[in-house]
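J.: Sequence:
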Amino acid sequence: MDTPTSTIADGTVELQPRSGTAIIIKAGQILRIIDPLGKQVSDILAFNSHEKNEFLSNGRSFDYAGKIYFSTGDILYSNRSNPMLKIINDTVGRHDFLFTPCSADTFRIKFPDQEPHRGCHGNFVAALERYGISEEKVTIPFNVFMNVRVGENGEIKVEAPLSKAGDYIEFRAEMDLIVAITACSAARSNDGSFKPIHFKVYENKEPPS
Numbered sequence: 001m002d003t004p005t006s007t008i009a010d011g012t013v014e015l016q017p018r019s020g021t022a023i024i025i026k027a028g029q030i031l032r033i034i035d036p037l038g039k040q041v042s043d044i045l046a047f048n049s050h051e052k053n054e055f056l057s058n059g060r061s062f063d064y065a066g067k068i069y070f071s072t073g074d075i076l077y078s079n080r081s082n083p084m085l086k087i088i089n090d091t092v093g094r095h096d097f098l099f100t101p102c103s104a105d106t107f108r109i110k111f112p113d114q115e116p117h118r119g120c121h122g123n124f125v126a127a128l129e130r131y132g133i134s135e136e137k138v139t140i141p142f143n144v145f146m147n148v149r150v151g152e153n154g155e156i157k158v159e160a161p162l163s164k165a166g167d168y169i170e171f172r173a174e175m176d177l178i179v180a181i182t183a184c185s186a187a188r189s190n191d192g193s194f195k196p197i198h199f200k201v202y203e204n205k206e207p208p209s
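Note that UniProt numbering has the sequence shown beginning at 1, numbered continuously upward.
These are calculated hints, taken from the structure and not from any lab test. Be careful, since some hints might not be right.
For each label pair, taking beta carbons as the anchor points, the in silico distance ranges come out as [stated by the list, open to error]: (1) Lys157 <-> Lys67: 36 to 44 Å; (2) Ser81 <-> Pro112: 36 to 44 Å; (3) Gly11 <-> Arg108: 23 to 31 Å; (4) Asn204 <-> Arg149: 32 to 40 Å; (5) Lys110 <-> Glu203: 39 to 47 Å; (6) Lys52 <-> Lys164: 30 to 38 Å; (7) Glu129 <-> Arg188: 22 to 30 Å; (8) Arg188 <-> Ala165: 18 to 26 Å; (9) Ala65 <-> Ser6: 31 to 39 Å; (10) Thr139 <-> Arg108: 15 to 23 Å; (11) Glu152 <-> Ser6: 38 to 46 Å; (12) Thr7 <-> Ala27: 22 to 30 Å; (13) Asp63 <-> Lys137: 14 to 22 Å.
The C-beta atom is built at its ideal place from N, Cα and C for all residues, glycine as well.
From just these sequences and the hints, can you work out the full model?
T.: Right, here's the structure in full:
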């Protein structure tokens with residue numbers, strides 16, 4: 001998809017269904033990700049814009065938070081144990097940090113009856129190419145609005161997102177970042193349909209912690 005984004009109003013950008021993009025966010029700026037229609041997942045990856053070998057780490061974030069579900073007040077850490085993003089507002093309260101981005105292999109192995117698609121993984125790779133970030137660095141994203149339940153025996157189940165039309169999450173950048181954003185391509189994660197995602201970057205009066 002050649003032009004997956006368009007600016008709609010007040011600096012808000014619309015990301016088309018099953019697509020992805022990447023942007024620069026400066027330390028202290030706020031990234032708001034909005035579900036305009038409801039029940040749509042958005043995956044995000046983050047990289048230190050000055051050192052691209054530093055990137056978002058679910059393992060470090062789990063370790064320091066002592067939990068796997070993140071919401072307002074929680075910090076997402078890098079593989080080098082530095083704060084990357086702090087969640088400052090969250091109207092949903094349920095997101096995932098366990099699953100890899102859906103990919104062509106996801107469709108081949110798990111959903112062979114569905115039309116193949118490069119998925120969020122392929123969209124990440126395409127969006128990050130212009131920043132010199134290779135496919136090997138596309139790891140586990142923070143899956144905004146994705147609703148994953150973990151059972152007593154460790155089984156994991158993907159359920160419909162809890163997000164309603166207009167729900168959002170806001171992250172404050174704790175360092176200068178390259179952030180890749182997708183509108184998820186897996187029907188199971190999005191209650192069976194593919195919808196756009198909106199996002200906006202704006203200035204924050206408070207400095208990063």
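J.: Hints first: check each against the structure and report whether it holds.
T.: Going down the list of hints, with the structure as the test:
1. Lys157 <-> Lys67: 36 to 44 Å: violated (18 Å)
2. Ser81 <-> Pro112: 36 to 44 Å: holds (40 Å)
3. Gly11 <-> Arg108: 23 to 31 Å: Since the Cβ atoms of Gly11 and Arg108 sit about 38 Å apart, the hinted range of 23 to 31 Å is violated.
4. Asn204 <-> Arg149: 32 to 40 Å: holds (33 Å)
5. Lys110 <-> Glu203: 39 to 47 Å: Once the Cβ atoms are compared, 41 Å apart, the range 39 to 47 Å for Glu203 and Lys110 holds.
6. Lys52 <-> Lys164: 30 to 38 Å: holds (36 Å)
7. Glu129 <-> Arg188: 22 to 30 Å: holds (27 Å)
8. Arg188 <-> Ala165: 18 to 26 Å: holds (20 Å)
9. Ala65 <-> Ser6: 31 to 39 Å: Given range 31 to 39 Å: holds, Cβ gap about 35 Å.
10. Thr139 <-> Arg108: 15 to 23 Å: 20 Å Cβ-Cβ, so the 15 to 23 Å window holds.
11. Glu152 <-> Ser6: 38 to 46 Å: holds (45 Å)
12. Thr7 <-> Ala27: 22 to 30 Å: Cβ of Thr7 to Cβ of Ala27: about 24 Å, so the range 22 to 30 Å holds.
13. Asp63 <-> Lys137: 14 to 22 Å: holds (20 Å)
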